[in-house]
Each structure stands twice: as structure tokens, then as C-alpha cells.
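Participant: So you can see what is in the structure, the chains are spelled out below.
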Amino acid sequence: MDFQRPEFKEQYENYIGGKWVAPVDGNYFEDTSPIDGSVVARVAQSNDKDINLAVAAGWEAAEAWGKTSAAERSIILFRIADVMEANIERLATVETCSNGKSIRESLGADLPIAIDQFRYFAGCIRTEAGSVANIDADTVSMEVHEPLGVVGQIIPWNFPLLMAAWKIAPAIAAGNCVVLKPAEQTPVSILVLMELIGDLLPPGVVNIVNGFGPEAGKPLATHPDIKKVAFTGETTTGRLIMQYAAENIVPVSLELGGKSPNIFFESVMAEDDEFLDKAIEGLVMFALNQGQVCTAPSRALIQESIYDKFIEKCLARVAAITMGDPYDLSTMMSAQASNDQQQKILSYLKIGKEEGAEVLCGGDVHNHEKYPDGYYIQPTIFKGHNKMRVFQEEIFGPVLALTTFKDEDEALEIANDTMFGLGSGVWSRDMHQVQKVSSGIQAGRVWVNCYHIYPSGASFGGYKKSGIGRENHHMMLDHYRQTKNVLISYSKSKLGFF
Amino acid sequence: MLVERISVTDAAVKVIDELREKHGELMFHQSGGCCDGSAPMCFTLGDFRVGSRDICLGEVHGCQFYMSPEQFEYYKNCHTEIDVVPGRGASFSLEIPLGVRFLIRSRLFDESEQDNVRPVRVGDCG
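First to last, the sequence lines map onto chains U and W.
Each residue of the first sequence is one higher than the one before, counting from 1 in the working numbering.
Each residue of the second sequence is one higher than the one before, counting from 1 in the working numbering.
Warning: the hint list may mix true and false statements.
[To be verified] If you want the footprint, here are the derived chain W segments under chain U, 3+ residues with CB under 8 Å:
#, region
1, 32-41
2, 68-79
3, 87-98
4, 102-116
These are computed hints drawn from the structure, not numbers from a lab.
The beta carbon of each residue, even a glycine, is placed where N, CA and C say it ideally should be.
Next up, chain U with everything else stripped away, as it sits in the complex (with noise of 0.2 Å):
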């Protein structure tokens, strides 16, 4: 193996003010690996008790973080980046363990993004300018930018270190404190990274709690004190948050899945070349990860007249796939996140199979011969219609529902045939093709003639169903404050009225 499972602490306790603190009520709960199901190590079970320490903790730290010069918070998260990355094999293994990808993901996608993170918005906060403008011969117009304060944060499993990168650096860069909640299946990786960078921040600017949803999540997205919610999950618990900024008259961003469309239109097969090979990939993404992935290809809408010849190119590559030791580079598909994930994707396989899908592939649990207690999935692909339910529902799996189209017009109607709008590919060699289809998908990411790349500086975000706001772009930073007008008058003559 090329990995091992790596060590950890016993008990890990909420990050708060700079310190690890108990939970108040001293509750814990247990972590376990999605690759074998053995225990990683016992977590803080925090309530609303635990969350008002964090938030208290964060407005400590506000008003000095808030002031300090974008260089010293740039050169904070430059620091970041560099801690990252010379722990970035202990924080990678570490990854694998906790949500059960494979190392090969973990070390050469999850972290070297997460690290870039830091390092873009460390840029951008030093490139930035507010505007002025001169509204008469006598006024000016100042806008500036103010941090809005402390900020809660609600992030997923699927990515548990990128997704915390996702949301703290864009936040702390723009002069706010966090208060970071993870998700349930995943509360270890994040603790393991503030061990190793919790140094380099003022104490109170990014506090973690630990716990469950209902008893610390919701204390956190409901509280008085919390100026801006970002959430990423799904559609119910968006509507929710949304409810619940509502009653604090605070902004949300809401991250809230896909199913998102990758077309391939017959010019891929024009040639037996390097881009065919790139479009068979291309096609195969729906396994990254396991196909936990927001933005996974779900559904690949495969022109008629190459179908039978492209299709084949593809199973062969979805047979070439290898399910071994989570550990070992060589693994390309590993463990599902939990055994409730386990179950809701065979939930989903027998729905399609009574649907009447055509399996090609798969289709059913995984036996993996070293960790037989792992939640594991064969690559499993259904062709069928978009109306079947495993067309139109996020099943977050490595399950692709593919069906053909005439023309481009037919693949626009079945690509936005769907209640979201996240990602989406577009595969050709015709230059007009590319531009009238992705000007004609309704959704906030159109990859090109590639899929799952995720650079720094190219936003992200959902039309639809698929949430608010954009991530990983500049622009987030605008997410993370206020504007203030400050309006200059340098005329001495009064205005008349009085």
C-alpha cells in the first residue's frame, strides 16, 4: 500500500476562542470510516450552549480582525496555504479515512484545490480597489467595503477540507470571523487542519463546533448574532435556512445540488484521437468520487447517430475501473460516505430497475474483499428516459442515467428538463455547436469540452433549484460584506431647504 490509515487523537473537542473546549454538556459522539466502518475517534456533541460560546468567540475577534490591513490578513492565509501544504500527505490521508475517497483524489484534487483557495483569495484582497466617483464638481461618492462581522457556516461530507476552504478563506479574507459547523459524517479533517493552522490566526477569527443538525445546526443558522448563513446541502434544509435568515433579516448563500447534464454530440467520433479518449473520461467523471459530487455528471445525453460506437468506448473504460485498497494510488473508486448513503443509492438502483432502465453496467453493492464492513457501490450506469425518476433526482452515487438525443435542439430541451441547474458539459469539435448549446443551458457552470475542473477564480454556483450566490471567485468576497456609501460634500453653500 502506498498509504496507511493514519493516527488520531481519542477525543476531539470544538475549536473555540483559539482553544479546544469541551462541549458544555459533555456529550460525544463516535466517528467512524466509511472504508471499514472501524472507529476514527469520539467528536463533541455541541447544542445551542456550545454554538453561543462560538459566536461570542467570534465577535471577541471581530472588531481587531475586521481592521487589520488586507496585507496582514493576505499574508495569514499565504501561511495557511504553506502549512497545508507540507502536511499535505498526513491531511490527505487523513481525508480518505474520514469521508472514504480514494488517496489518489484526496492528494491530487481535494487538498492541492483547497490549499489554492487560500492562496487566491490571500491575491485578491491585495489586488482589490473600491470606486469613487465624482457626482458633481463639489460631491464624492465613496463606497467601501466592512466585513459584516461573524458568519455561520454549514458544510458538507463530500469534500470536507475543500468545502471548509471554500467557505473560510473567501470570509476571513474579507475581515470576518467564522463559526463553522461540519457535516455529521465528516467532523474529523477539519480539526486535524486547526491543529496544524490554528497558530497562525488571531484566536476567535475561525471557531469549529462539532454535532448534529438539528441540536447544533440549527442554533447556529437561527442566531441573533450570526450576520450571514452559507450553507451547502439540499434543497429542504436550503428552504430552511432560508426561513430562518429570514427571521434575522440576514443574507444566505445555498449551495443545493444537481443533476446535471453532459452532452456529447457526434463530432467527439470524428476522430480516433487524444480528445475522444479525453471525451470517454470525460463521460466516466459520474464515478469521481463516488459520484458524491454537487456538480457529478449524472446524466449523459449521447447524440443517436454515435451512440452504439461511443457507448462501447465508455463501458470499456467503466470496466477498467478498480475498486481496491482506499490506500493505495492505483484505487480509482472507493467507499460511500455512510451506510445510509449505502442504502439511499440501492434505494435509487431498484426504483430505476422497476422504472424500466436498461442496466449497462453495475448496478448493485460492491463486495469489497479487504473491508467487507465498508459501503461500497459498483459503478452502475442506466440508460432510459429523462422522465424516470433516476434522470431527475440526485441520487449521489456513482449511478449515470444516459439517454440520446436527435439534435441540438432536443439535447437543450432534455439538458434543462430538470428542477436544477449546477453543472453541466458540453462535448465538440464544432465551435458554433459549443456556443449556441452552452449559451442554451440553464445552469451556473458549462463545462467544455472538459468536466469536474475546479481552478480557482472560475465561479460556482447554481441557476434554479440549485441555490444563491457563487463561490470560489472574487465576487464571493462581496458575499462576506457590507457596502458603505460615504458621500462627501466639499461645497460650503447649504441646500436651501431650511
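Place chain W on chain U using the hints.
Facilitator: Leaving out everything else, chain W in the frame of chain U:
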């Protein structure tokens, strides 16, 4: 006799009873999308604001079961059963601290059932 759209397993009934004891009257809302979505969320009645366009599929063990109209479009031909499995789910659903997760299992109505399915109601059914 109308065919119900929604039912509940004995195991899920036990969890509902336990939660009702602790939190009072309950309701379900089927979530769409992302990590913990495509699963039913259980809330204290009144905590989640039911939308004026939300569809009520029926009542199970004293709890109304809702989903968005966009989702119902794909559930109208299905019977849906609420079950529960061990698991460390996330979300604000009330059963999470118990170490279990509600889950739905679906099957298509057959032709004889399809003509006789209970009509849905729209909006908050109390």
C-alpha cells in the same frame, strides 16, 4: 377504497413515536439534491414552513408528508414507503442524533392502483 401514496414501516413508526415523545407533533418534507437530499426530512410541526405550492401526499402515523411540486411530478406514479436505516446522516432532520436516518423506498403503482390513488392536497394541511 383509495390507494395510499405513502406508507411507513414498523421500524420507522418506532422512531416517529420516539421523536414525537420528545419534540411533539411532527411532519415530513422530502428533500431534493446533494449530500443528504433525496431523503425525507422530519421536523417538529410548524418548524418548517410548508410552501403554498408544496404537495401533501398523505398522512403516515399522524405526520403529513410533503414535497415540492417539481419533485412530485416524478413521484406521482409511485408508492412511497418511509423506512429507517442505521447511519450517520447530516441535515436538520430530527432523527439524526439517534444514529438512524429516514429513507424512502419506492415502487411504481400498477395499472389497477393508478386509477384509484388518493388525490393529493396542495399547501399546508396542518
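Participant: Next step is simple, just say for each hint if it's right about the structure.
Facilitator: Right, here's what the structure says about each hint:
no.: 1; hint: 32-41; in the structure: holds (count 9)
no.: 2; hint: 68-79; in the structure: holds (count 7)
no.: 3; hint: 87-98; in the structure: holds (count 10)
no.: 4; hint: 102-116; in the structure: holds (count 6)
This entry satisfies every hint, going by the numbered hints stated previously.
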